Each structure stands twice: as C-alpha cells, then as structure tokens.
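Participant: If you want the building blocks of each chain, they are given just below.
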Amino acid sequence: MKRFLSITLALTMSMTMLTACAQKPAESQPASSAAETSSAASKPVTITHWYWADNSDYSAKMQEMVKDFNATNKSNITVVAQEYPWDGGAYSENLFTAAMGGGGPDTAAWKLTSTPLFTSNKLLANLDNYIANWKDKDDIDPSLYNTMKQAGGSDSIYVMPWNTQVLYVYYRPSMFKAAGVSVPKTYDEFLEACKKLTRDTDGDGKIDVYGFGMRGAKGGQEPWGSFVWARGGDFENLTTPEAIAGMQDFIDLYKNGYAPKTAPTDGFNEIIANFKSGKTAMTIHHIGSSKDMVKTFGDDVAAFPFPAGKKQWTSMGDTENVIFEKCQNKDAAFEWLAYLATGKGQETWCVTTGNVPVSKRVQQMDEFQNNEFMKVSIEGQFSAGIFPILDTTTEWINTTWPNTVASALSGKTSAADAMKTLQEGLYGKK
Amino acid sequence: MRESKNKTLKIFTLYLPLLVLLVFLLFPFYWTLVTSLKPEQELYGSTVTYWPMHTTFDSYHKLFVDFNFLKPMSNSFVVAIITTILSLAVSVLAAYAFSRYRFKGRKAFMMLFLTNNMFPTVLLLIPLYSIMRNIGILYTPMSLVLSYTTFTIPFSVWLLNGYLNDLPMSLEEAALVDGCNRAKAFLRIILPILIPCLVATGVYIFMTSWNEYTFAVMFTNEANRTIPVALKNLIGQLGVQWDLLTAGGIITIIPVCIMFFFAQKRLVEGLTAGAVKG
Amino acid sequence: MGSQLKNIAAPDFKEVIGLLHKKTTIWPYLLIAPALIVILAVVFVPAVNAILMSFQSYDLRRPSQIGFIGLENYMEVFQDSLFWSSLVRTALWVIFGVGFQFIFGFILALLLNRKFKGRGIARSISLIPWVTPGVLIGLMWRWIYDGSYGVLNDILLRLHLIQDKIPYLAQESTSFPSVVVTIIWQGIPFFALMLMAGLQGVPNELYEAADIDGANKLQQLFRVTIPSIKNTIYVTTLLRIIWVANSVDVIFNMTGGGPAYSSQTLSVYIFNKANSLNLGYSSAMSILLTLLLLLVAVPYLKNMFKNQEA
Chain L
1 MKRFLSITLA
11 LTMSMTMLTA
21 CAQKPAESQP
31 ASSAAETSSA
41 ASKPVTITHW
51 YWADNSDYSA
61 KMQEMVKDFN
71 ATNKSNITVV
81 AQEYPWDGGA
91 YSENLFTAAM
101 GGGGPDTAAW
111 KLTSTPLFTS
121 NKLLANLDNY
131 IANWKDKDDI
141 DPSLYNTMKQ
151 AGGSDSIYVM
161 PWNTQVLYVY
171 YRPSMFKAAG
181 VSVPKTYDEF
191 LEACKKLTRD
201 TDGDGKIDVY
211 GFGMRGAKGG
221 QEPWGSFVWA
231 RGGDFENLTT
241 PEAIAGMQDF
251 IDLYKNGYAP
261 KTAPTDGFNE
271 IIANFKSGKT
281 AMTIHHIGSS
291 KDMVKTFGDD
301 VAAFPFPAGK
311 KQWTSMGDTE
321 NVIFEKCQNK
331 DAAFEWLAYL
341 ATGKGQETWC
351 VTTGNVPVSK
361 RVQQMDEFQN
371 NEFMKVSIEG
381 QFSAGIFPIL
391 DTTTEWINTT
401 WPNTVASALS
411 GKTSAADAMK
421 TLQEGLYGKK
Chain F
1 MRESKNKTLK
11 IFTLYLPLLV
21 LLVFLLFPFY
31 WTLVTSLKPE
41 QELYGSTVTY
51 WPMHTTFDSY
61 HKLFVDFNFL
71 KPMSNSFVVA
81 IITTILSLAV
91 SVLAAYAFSR
101 YRFKGRKAFM
111 MLFLTNNMFP
121 TVLLLIPLYS
131 IMRNIGILYT
141 PMSLVLSYTT
151 FTIPFSVWLL
161 NGYLNDLPMS
171 LEEAALVDGC
181 NRAKAFLRII
191 LPILIPCLVA
201 TGVYIFMTSW
211 NEYTFAVMFT
221 NEANRTIPVA
231 LKNLIGQLGV
241 QWDLLTAGGI
251 ITIIPVCIMF
261 FFAQKRLVEG
271 LTAGAVKG
Chain W
1 MGSQLKNIAA
11 PDFKEVIGLL
21 HKKTTIWPYL
31 LIAPALIVIL
41 AVVFVPAVNA
51 ILMSFQSYDL
61 RRPSQIGFIG
71 LENYMEVFQD
81 SLFWSSLVRT
91 ALWVIFGVGF
101 QFIFGFILAL
111 LLNRKFKGRG
121 IARSISLIPW
131 VTPGVLIGLM
141 WRWIYDGSYG
151 VLNDILLRLH
161 LIQDKIPYLA
171 QESTSFPSVV
181 VTIIWQGIPF
191 FALMLMAGLQ
201 GVPNELYEAA
211 DIDGANKLQQ
221 LFRVTIPSIK
231 NTIYVTTLLR
241 IIWVANSVDV
251 IFNMTGGGPA
261 YSSQTLSVYI
271 FNKANSLNLG
281 YSSAMSILLT
291 LLLLLVAVPY
301 LKNMFKNQEA
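Residue numbers (my numbering), protein chains in the order written: chain L, 1 to 430; chain F, 1 to 278; chain W, 1 to 310.
Excised from the complex, chain L in its bound form (with noise of 0.2 Å):
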C-alpha cells in the first residue's frame, strides 16, 4: 500500500511538473486558440477550418476556395483550412474527439448524422441571430433550414447549409436495349427490371450482368430506404408489414440472384466499379459519381428518379459547416461559411464536385440547369428525405445495418426478424 501511495505521490508530481513547465509554448497551436479580443472588423483575424475531401482535384480546389475568400474578404480574416480523411466517416468522430479535449477548429464541413452528439455536448455555436440577419438567408430554400433543425433536435439552426445530393438510379440504356426493358415508371417495373436485365450474355451458364448493383455495406441504408417506403412503410415503424415487405423485396434481389453475389460487403467502391465495368445494370448514387460515369460511357449511362409504389422516397446525401462553441470570432466564421453557402465558394465547389446548390441564384446557373444528371437530381428533390437523426443513428449506421442486413442477406435472419433487429437498434428496445 506504502508503495502503491508513493508511486502516485511520485506520478502527480512529475504531471503537474510536465504540465507547468510547458505551458507557455501552447500558443503554437493554429489559431484555434488565437485572439482574445473581439472581431472588430479590421484586425486580422484567423479561423482554422477542417474539411475532408472526396479525392485529390477537390482537395486542391478548397485551397483554392480558401486563397480566394483570404484575399477577397473585407474583414481581414484568414481561413486556416486542415485536411482530415474521411475514413468512412470516422472524420467525426476525429472532429469530435478534439473537440471533447478542448482543441479542434473553429468551423468544419459537416455531415448531419453527428449534430445530436455534438449539440448535446454543447459544442456547437447556434446560428440562429446571425442566419436572421443574414442578407442571403432567403437565397436559401427555408425546408433546408427546418431540415437543419431537425437534425439537432430543437428549433434552433446550429448548422449551415452547404450543398445536396440526391440519390437516384443510374442505368445503362444499351444493356436497357439489349434486354428489351424501357425506363421503369413505377416500383413494380423497377422490380422486374432488376429480374429482366440479369443476364448471361456469352452463353458460358454463367451470369455475366446483374440487373442491380446492391450495395449491403455501410451507406447502403440509403438506398435500401428507398425499398421499404415503395411498399408503404417508413422509418418511424420499422415492423410494419409494409416495411417488412420492402426488406423482403431487398433480400429476394440478392437471393434470386439479380444482384452480384459480394453485395453483403459491397460498399461504394464495389458498386460503383461493378457498373463502370458492366457488371450491373443499374445502380444507386447520386450526381457526386456522374462526371466519372460519364467519362467511362459517354452517352451509355443515365439516371432516372427512383420509381414510386405506395409512397416515395429517396435519400438525400448532405454537407454543410458548423461553426464550434469555442470559436472565438464567431463573425468572422459565420462570414466564412456565407461565403461557402451563398456567395463564390457555393458556385466554385458546387460546379467541381457536381453537388446540388444550395443558393436559389447558383442553382439557376447554366450548367446546371443544362445537366441531365442535375435535373434528375432537381427532380427527385420533392420525394428526398433524411434517416431519423437520433443519437443511435451514427451506431446504426455503422454497424447494426450492414450487419443485420447481411445476416438477412444470407438467409440467416427473416426479413421480420432484422426488421425487429433495426427497430431496436434506432429506437431502443421496448
């Protein structure tokens, strides 16, 4: 015991002897920690932005974006921008780590699954004074704002839109042709189009095109949503027969074999590789791949809203900013993220990445009003949705979905059994 208190004794010394001799030099942190005085508008100003980027051409253009908003704003502010990886989405979690040990940025681009875990740790700012007295706050569809809302759970905005995506179905109109399949109009169609265009095109008794790219790793709730609401169900019951019956019509495309056999651990890299390359017929992502699809086909490739059956819906994909409580420039942030959602920044990354604008005046542009891909995207809009955004949905996401989904996929689990399975899992058992 003697030992034991001594040994402590020793450690607390030597921490608190660490801890005083180094903490002078803190000040070397970027800016996160910088300027004590309030942003009058004519001292210079830092804030550290993180942002993750989708591949190398857009992480070179938000550098761009930033040179340009440092050299263009009137308020002498200097945006700091950090590039963190995605990681499958463990970027948030990053963020959030930080930001639990006192550090992090002063702004980051944001996705709106992780505002509950966020905002209930206090760590975000709320934008409710500065979006009321924004000068653009109309340029931005007020839907987008209740969206925002909903996400943190309270009738306050504590993230800043940015841009959209909309899920639809990719497909390749020869393979249509060959098959002799049109554009399917309803869910039925849609169903019997996965079943027509699976094919063995070489005779071999092999199947060489599947009619759907399935994708059962993470991010493949999104489109799976789509199933359960075309038959009449919805998220906020997941036992409804009706649910049931949309997971059942997801598991008989992989067990009658419409869909590659790797489905279960097919993430976006498998699907979208399995269309590029032809292997499937038709798949679901949203405009962020068709500069690239495009570039493969050519003409060959095209897109069409998912179909209706009972009800309809599809899954909007999101990014927006959030400015940090701890953010000791608010202003100038908000100016920052102003500049991303309505002003120049808006139309630069929107036109690179493809993404849905969202500012009214950027989305009345040319090219994207001329882009088929947009329109379909600006088409599927009305019948887009979210997940619940509760505090287990980044769990959920994660792992009980593809989990249970796989489980579902190899016959283990009914589709009720799973259906009860990701019921739980979002609200709890009861």
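Derived by calculation from the structure, the hints in this document are not laboratory data. The model shown is predicted, which means the values in this text are computed figures rather than measured ones.
Just some of the chain F residues that point at chain W, by a computed CB distance under 10 Å:
| # | residue |
| --- | --- |
| 1 | Leu14 |
| 2 | Leu22 |
| 3 | Leu25 |
| 4 | Phe27 |
| 5 | Gly105 |
| 6 | Phe113 |
| 7 | Cys197 |
| 8 | Thr214 |
| 9 | Trp242 |
| 10 | Gly249 |
| 11 | Met259 |
| 12 | Phe262 |
Positions of the beta carbon are idealized from the N, C-alpha and C atoms, including for glycine.
Mind docking chains F and W on chain L? Use the hints.
Facilitator: Structure of chains F and W alone, referenced to chain L:
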C-alpha cells in the same frame, strides 16, 4: 559427388522453403506495385492481368509534384527515428535492471509494463488529446514521439529483457570479478553482444511508429502529417484512389527496405564483436 | 579481452556482491525510472479515467445521463451474446494468428540465419509485410480477395481449384479465415526478425558439442537452439499475443467485423462501441479483455520467473 548431394539437400532444406515463404510474403507487395501501374479501366477489367498492358507512372508523378509526398515521408522519418532512439535508450536501461538485479517490486513493475499495452488505445484518446494540448505539444512531432514511446517502451523492455536473460551471465560475472564496475561491464561486454537484439528491437519500434494511424490523425495537422494519414486522405466518400494509394504505398515501403538492408548486417555482428569466442 | 579489463577501474565490491548475492541497491530503481516516468506520465490519468468510466453510465451521446451505476455495465456485457461470440473469435484469432505467425516466422528465421548468396536482400524484403502501412494492408488484401476482380479467385480459377468465383469477405463462412490469413502474413516478419536476433546469441560451441554427440539437425534444433532462446521465444509470443488480441486495423479495414458480425473480435467490438461513444460499455469490455490477457500471461510469467530464479 558429395558436393552435388549437398546442393540438392540445400535446395530442399533452404531454397525451396524460403522461396515458398517469400512468395507468400511478397505477393501482396507485387500486387500493390502492379496496381499502382495500371490505368483504372484495367483494374476493373474482365480479365485479371499480371503485368499492366499499359504502364502508367502518372500516379508517381502526381504524388511527388502535386502532393509533395516527400513531406509526410520526412515527417514520418523524423518521428520514427526520434522515437526509436529514445525508446531504445530508455528501454535498455530498464531491461538491464530487470534482468540483472533482483529488487523489491521487480515483478510488479514488469507486470505494470505489460499491462500498459493490453488496454485498447481508442479509450485513451480523448484524455490523451487533452494532455497533449495542455502541455503544449499538440500538432508538433513531439506529441507523436511521446505517445509512441509510451507504447513502444514496455514492449521493448520486455523484448530486451528476454534477450538479456538468454545471454550467458558468466562473461559479465568474470568481468566483475576482474574488477570492472557494472557500467563498464555493461558497455564493454553486454552492449556489443546485444547489438543484434538492439537492431531487432529498434526495427520493431521504428515500424510501430512508422505505421501508426490513430494517434497520428489526432495529434498532427497539415504541417506535420505522417504517411498513414496522408495515405488515408486519398480515400474519400467517392471511393479509393487506387493509383495514388498504391503508388504511395510503394514509395513508403522501398526506402525502409533499403534502410533495413544496411541495418541487417549488424544482426550477425553481435557475437564476433562481443568476442565471446575469444 | 579479459586481461584488458583487469587494468581498468578499482574493484567495486558492493556491486559484485549485489550481483552475486542479489542484494538490493537503489540502482535498479534509477535504471527503470525514465521508462516508468514516460509511461505513467502519459497513460496513468487516461487509464484511471477509463477504469472509472467502466463503472459509469458513460455514453457521450447522452451526456446528461452520465453517472455511477456500479457493476451494471459488466452485467450487461455478460448478457450480451455479441460479447461472447466475439470473445470466442478472439481466442481463435490469437491461437491461429499467433500460432502460424510463430511457426512460419521461426522457419524463416532459421532459413535466413544460414549463409547463402543474397541473404541480405532476402532478409530485407522478407520484412515488407511489416513495413506496409496498416491502412494499405487492409485495402490490398481486400483487393486480392475481391469477389469480382480479385487476383486470388483468378489464380484459383486458372489452377482449376475452384469452378466459380468466391466472394471471400462477403460470406460468413469465409470472411474470418480470410482475415486470419492476413494477420498471419503481417506477423511472420516480426517473429522472423526477433528470433533471428535471438539466434545470434547461441554460442557455436553448443552446436559443435552436439555434433560430436552425433545429434542430427532436427535434434539439434530441439536440444540446442530452442532451449538457448527459450526466453526470447517466451517473450516474443507473449508480446505478440497481446498485440494480436488488441489489433483492430486489419479486420476493421477489411470487413469492419462483418458480414453479420462473423469476423468481429472483441477488440473490434470494443473499437466499434468506443467509436459510437458508448465509452462506459466499451471500457467495461476493455477491462475484461485486459484481465483475460493477464490470465493468459500468468502461467507464462510464472514459468519465466521460475526459470530466472533457477
């Protein structure tokens, strides 16, 4: 006659098993290399090609010119080298104490060292970040050095302790009886014999800090990113940039292998340098 | 050499007695102090914090509910079927992973210890799996195993060993064995290098003596080589068991623990839970894992300490 028999024996007891093992160990590396040289269409082609039909070095060019990949590499080197030297120095002392002295609390301390690495690091992340921030070394290479040494020291102490226990103690005792003090006996007798083990342990420490991701992503920023983080930045929501990622992998593997080629010569020097035979 | 030493330094009798009679001095404490300080300064507070968290409802998604709940986390863990299945899988993961790493690593060490042309190159390239960044290992192996474009399927098809492509990581029956192969691959160089270093300390006289006794190579291996590096073998396997039991990145990058949890080890489960910020629950599991590892270590340590006293 005898010679040729020896040769066939050598083939079956040495070259053949070595070949099998090396093929297993090296195939993924070869595949990484091939992947880095393939254009994307060929990656997802209907037939698998074992050497690219169209070799392209675009990704290498892009990595060095557009990305300045040398920077994360030199960052990684700095962190790994400092960590290695620091951990080795500290661990050798502790391992010697554990091996050659019998003192109160010895077993308890050894257990403590062992337990240190049993606990998953994810759970230590938030408080560690906070500590790094408070002592002002967050976003400097020092934060990585400090956190890596914490996890390499215990293992290194144990490894070196194991090696020391396998070394015959007679030599040292002779030296001590001869009138050498402990420090001298250690420097003149033990250290030279221990060189191969120090090299091996050093390599272990180097690899650990070279490959670490979880701390690296939290404790660095753009200025001092290490390789694993730079590589992970190449995987976005829109998938893996195979060309850049595999090229980056190849670039990071080769210099370390060259380094080890020189280091491994030391692996056999121990006995002769220690003059055990003499 | 010995004669040289005689002339240096006055005899330090106290030290000699310290060695021969195992009397305690302050020296060992001073020698371990730097290592101890570094470790404790960094890990002490976070570790105590983690232990405390295991007795709390500590879910950062619900910060308002944080508070002590006694053993409730542990009770919940014991009733969690995923915990038990992950635990069994961890045992298999360690037994097969470390077991084969050791066997192949030992063989490789013995081979690389012999003299032959190109040995230096063989030694350095055999280290490659270990040099490869973890980020890349998971991805590359996934790519090799890929059910549609993977090279493994292609090789097996060409050799007519299989008729149809196998989606290795997408099937519950094959995903776990596949990740085990990857961890074996990654760990072989560790054992090879560590054991190779240990082999350098085996005096040649022992082999010569065995030769005279007429022992063949295999007998020499078991009578000379293995006993001589016994401690090294103990330590390296023990450390590797701990390392492998705790390793997350290979499985996480390859399968994420899926499909349907079929490749989820306890450390991956802990990682997933910690990432969804239920820190209380994952701390409780971590402490159980640590205790189990200690349990595995105890017979090892007993044996080791016993050998040393002898």
